[in-house]
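Q: Sequence:
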Amino acid sequence: MKYQKGVGLMEVIVAMLLLGIAVLGFALLQYKSMSMGEQALRKIEAVNIARNLGERMYFNRLGTYKGVSSIVTSKCLNQYCTANEFALKDIADVTQLAKNKNMTIAVLSCPDTKNLRNCIYVAWDETEASQSNSDTAACTEADKFKYKSGARCVVVEAF
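Numbering (our numbering), first residue to last: 370 to 528.
The set of hints was computed from the structure by calculation and includes no laboratory data. A few of these clues could be false.
With a straight-line cut-off of 35 Å between C-alpha atoms, the simulated DSBU-like cross-links for lysine-lysine are [said to hold, decoys possible]: (1) Lys517 - Lys412; (2) Lys435 - Lys371; (3) Lys435 - Lys374.
Label pairs and their calculated CB-CB ranges [what the hints assert, rightly or not]: (4) Gln399 - Asn453: 29 to 35 Å; (5) Glu526 - Asp504: 43 to 49 Å; (6) Gln465 - Ala384: 56 to 62 Å.
Computed from a predicted structure; not experimentally measured. Cβ coordinates follow ideal geometry from the N, Cα and C atoms, glycine included.
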């Protein structure tokens, strides 16, 4: 009777196939991990931008921030400015900061609130810093606070 010594070709092929599947699975996990890490970094950056604007709004309560978009730089550092002029400068500064990080920012009325607070929207990728019931690219719905499916944005309630 002859006994086989060593490994047959079929066992080697099966082992290589299993090893290949394991390596592909590991590569997929690495890719997913990098993608999730990037999104976590974007969320942290968005929260920092919103906090920055929120602090500016807190210290300039007389200024109008809601619905304002400004890219105009002012001379508020060299001369006296009104509260609204300073708000325009704040919006311009934070808008530029968000733009440098490929994000958009908006200050809108918080949906479904009775205290008429402002909400700071910071969005990135294909998501827009807006409220809409029909636009799928919007961050939240307009009539109630609910994030849209797949929205890549952060909303912070402010003053």
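Q: With reference to the structure, classify each hint as holding or not holding.
A: Outcome of the hint check:
{"no.": "1", "hint": "Lys517 - Lys412", "in the structure": "holds, 16 Å"}
{"no.": "2", "hint": "Lys435 - Lys371", "in the structure": "violated, 87 Å"}
{"no.": "3", "hint": "Lys435 - Lys374", "in the structure": "violated, 80 Å"}
{"no.": "4", "hint": "Gln399 - Asn453: 29 to 35 Å", "in the structure": "violated, 50 Å"}
{"no.": "5", "hint": "Glu526 - Asp504: 43 to 49 Å", "in the structure": "violated, 22 Å"}
{"no.": "6", "hint": "Gln465 - Ala384: 56 to 62 Å", "in the structure": "holds, 57 Å"}
Comparing the model with each numbered hint stated earlier shows that hints 2, 3, 4 and 5 do not hold.
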